[in-house]
Amino acid sequence: MTAKPSLFPSFGRLMVYGVLALATAFFLLPLCAMLVTSFKGAEEIRSSALLALPRGLDGSAWSTAWQSACTGVDCNGLRPFFWNSVAMAVPAVLISTVWGALNGYVLSLWKFRGSDALFGLLLFGVFMPFQVVLLPMSQVLGWLGLSSSIGGLVLVHCLAGLAGTTLFFRNYYAAIPQELVNAARMDGAGFWQIFWRIVLPLSTPIVMVALIWQFTNIWNDFLFGVVFSGTESKPITVGLNNLANTSSSVKAYNVDMAAAIIAGLPTMVVYVLAGKFFVRGLTAGAVKG
Amino acid sequence: MASSLDIAGINKRFGKGDKSVEVLRRVDIQVAPGEFLILVGPSGCGKSTLLGIIAGLAEPTEGEIRIGGQNVVGMPPRDRDIAMVFQSYALYPTMSVADNIGFALEMRKMPKAEREKRVAEVAAMLQIGHLLDRRPSQLSGGQRQRVAMGRALARQPKLFLFDEPLSNLDAKLRVEMRAEIKRLHQASGTTSVYVTHDQVEAMTLGSRIAVMKGGVVQQLGTPSEIYNRPANTYVATFIGSPTMNLLRGGAQGAGEFGIGGAALALAAPPHAAELLLGVRPEHLVLQDDAPWRGQVSVVEPTGPDTYVVVDTAAGNVTLRTDAQARVRPGERVGLAVSPAHAHWFDARTQERVA
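Protein chains in written order, with our numbering: chain A, 1 to 289; chain B, 1 to 354.
It should be emphasised that the hints constitute simulated quantities derived from the structure, not laboratory data.
Just so it is clear, CB atoms sit at the ideal spot from N, CA and C, and this is done for glycine as well.
Just to be clear, a hint being listed does not mean it is correct.
Stated by the list, open to error - No farther apart than 27 Å at their CA atoms in a straight line, the calculated lysine-lysine pairs in the DSS-like style are these:
| id | chain 1 | residue 1 | chain 2 | residue 2 |
| --- | --- | --- | --- | --- |
| 1 | B | 16 | B | 213 |
| 2 | B | 117 | B | 182 |
| 3 | B | 182 | B | 213 |
| 4 | B | 182 | A | 111 |
| 5 | B | 19 | B | 213 |
| 6 | A | 111 | B | 19 |
What the hints assert, rightly or not - Partial list, computed: chain B residues near chain A (C-beta under 7 Å):
| id | residue |
| --- | --- |
| 7 | 58 |
| 8 | 71 |
| 9 | 75 |
| 10 | 78 |
| 11 | 84 |
| 12 | 86 |
| 13 | 103 |
| 14 | 108 |
| 15 | 234 |
Take the sequences, apply the hints, and build the full model.
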């Protein structure tokens with residue numbers, strides 16, 4: 001810009017800021033409403049405005065949501081569901097990411113007859129509505145003896161996410177020159193050594209993308225959670241649903257709000273911690289030697 | 001301990017049946033220990049495919065590759081003990097220069113101390129000792145080229161392969177690195193195969209040159225054989241700059257060869273079919289009283305020499321003369337060919353006659 005900086009922003013600038021502020025408000029207001037409500041008592045919710053700040057910081061709704069709210073018959077709050085989700089999401093995210101990286105490595109750098117056709121078929125998995133596989137999948141889990149277990153959910157999420165992670169890694173690795181692999185082969189490195197020593201160190205941005213993507217999908221999943229879990233293995237999304245639907249005489253909005261925020265917090269934390277890698281990874285292009 | 005390399009009856013086809021494409025046909029080349037063989041030709045002539053087959057990155061449809069007498073077809077690249085310098089350098093982006101050079105040694109489980117010593121030696125030889133801690137992305141093109149060479153040299157392999165290693169460098173660096181490669185080859189004495197499309201690289205580096213076209217070796221010989229006795233018009237025009245002049249004509253009585261409107265005092269070899277006379281620009285001389293005449297159309301001074309394009313009844317010809325020559329466009333000049341430097345080709349088969 002060659003124009004002198006003016007004390008007052010131009011009209012165009014003001015419009016831009018105005019639109020951005022509106023958009024921000026649009027997305028943030030519901031969160032604000034949830035946050036302030038979760039710190040109010042039942043009486044205060046009824047008497048004050050939706051967005052009014054609470055009179056004091058009353059954390060009792062949070063501890064109720066965490067450990068004593070009723071989710072159907074049991075009244076242990078979200079805590080057991082939260083740990084179920086952790087036990088499900090962590091292995092499922094790690095396995096599907098590593099598996100996708102290996103698939104992408106083979107499909108991009110160790111092409112074989114029919115590998116492109118195979119990749120085309122795999123793409124169907126990205127766009128396939130998962131309702132289609134619910135019945136056959138439950139059959140398979142039964143055969144494997146994994147019905148209603150966290151192990152079964154991990155397997156389902158790995159398979160469901162594999163098409164997506166393979167797509168990420170395959171396209172990222174397509175930018176790695178074949179000569180790099182050939183050079184390593186001539187230098188005496190094998191399939192695994194090339195993967196660990198040369199390809200994986202180049203993959204940080206796309207690993208971040210796959211981790212965030214998979215964590216968000218798996219943590220937020222409701223469909224598989226409600227279909228394939230048993231009484232002891234329900235993930236937090238199912239727990240939240242049960243908590244909000246368990247009827248009592250008065251609706252405890254503050255507990256519902258606190259519970260919803262607890263359920264959503266891990267994905268938010270992951271985005272804040274690794275978000276910059278996410279954007280960088282999505283836009284990362286060629287690997288310059 | 002230089003090794004010999006036998007390329008024996010190599011055929012390579014892609015695809016099957018009627019749709020198959022033949023990219024190499026009956027390639028037979030014997031490379032003696034310590035030789036520097038050049039594979040030269042236009043893009044798509046099969047030279048890089050042949051290099052890949054020697055390296056083990058591709059397999060031939062038929063034929064054998066023997067290194068030191070042992071057939072290596074079917075053997076993975078890592079077991080062939082061959083080092084290769086790639087066109088894009090293919091340096092490992094996340095490793096330091098030292099790790100790049102030492103990677104192959106590490107893969108071969110050489111102890112760390114010995115490895116570091118070898119890396120330091122090679123780095124000193126290539127004058128890149130001060131760059132060992134850098135990443136490839138922090139290097140200039142010429143420095144990357146040196147690291148790529150270092151990676152190959154550190155191995156002390158049976159065979160060096162080069163895949164157009166200088167084509168990504170600017171003209172000045174290319175000349176410098178060309179001399180460097182020659183020096184390193186003379187020092188190490190390792191048998192080398194070098195692919196290029198640059199005829200100057202081919203002539204200056206090679207102890208022998210294989211000129212390829214369409215998957216077939218057109219001629220295999222020393223640089224001077226290729227230059228002085230090209231086997232066909234393709235080789236004749238591919239090597240040499242400006243290219244050789246080719247003139248169609250026929251023998252007229254004894255000791256005369258007729259070309260469009262003039263008779264040259266040249267004894268053509270006895271031959272049934274029409275002939276092509278090939279004359280390199282430096283063997284065509286300006287001679288005032290010559291019967292073959294033409295009009296100068298372009299004069300190109302290059303510094304040491306001047307190229308002159310002359311319009312004659314037999315077509316445009318180019319000649320090379322010294323910088324002092326005072327010719328101007330539009331001038332009429334006479335041209336003569338020295339008999340010792342005439343090349344004769346069959347006009348139909350394009351093959352050399354004598």
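Do the hints match the structure? See the list:
{"no.": "1", "hint": "B:16 / B:213", "result": "holds, 22 Å"}
{"no.": "2", "hint": "B:117 / B:182", "result": "holds, 24 Å"}
{"no.": "3", "hint": "B:182 / B:213", "result": "holds, 26 Å"}
{"no.": "4", "hint": "B:182 / A:111", "result": "violated, 37 Å"}
{"no.": "5", "hint": "B:19 / B:213", "result": "holds, 21 Å"}
{"no.": "6", "hint": "A:111 / B:19", "result": "holds, 21 Å"}
{"no.": "7", "hint": "58", "result": "violated, 10 Å"}
{"no.": "8", "hint": "71", "result": "violated, 19 Å"}
{"no.": "9", "hint": "75", "result": "violated, 12 Å"}
{"no.": "10", "hint": "78", "result": "holds, 4 Å"}
{"no.": "11", "hint": "84", "result": "holds, 5 Å"}
{"no.": "12", "hint": "86", "result": "holds, 5 Å"}
{"no.": "13", "hint": "103", "result": "holds, 5 Å"}
{"no.": "14", "hint": "108", "result": "holds, 6 Å"}
{"no.": "15", "hint": "234", "result": "violated, 30 Å"}
Hint compliance for this structure: hints 4, 7, 8, 9 and 15 are not met, and every other hint is.
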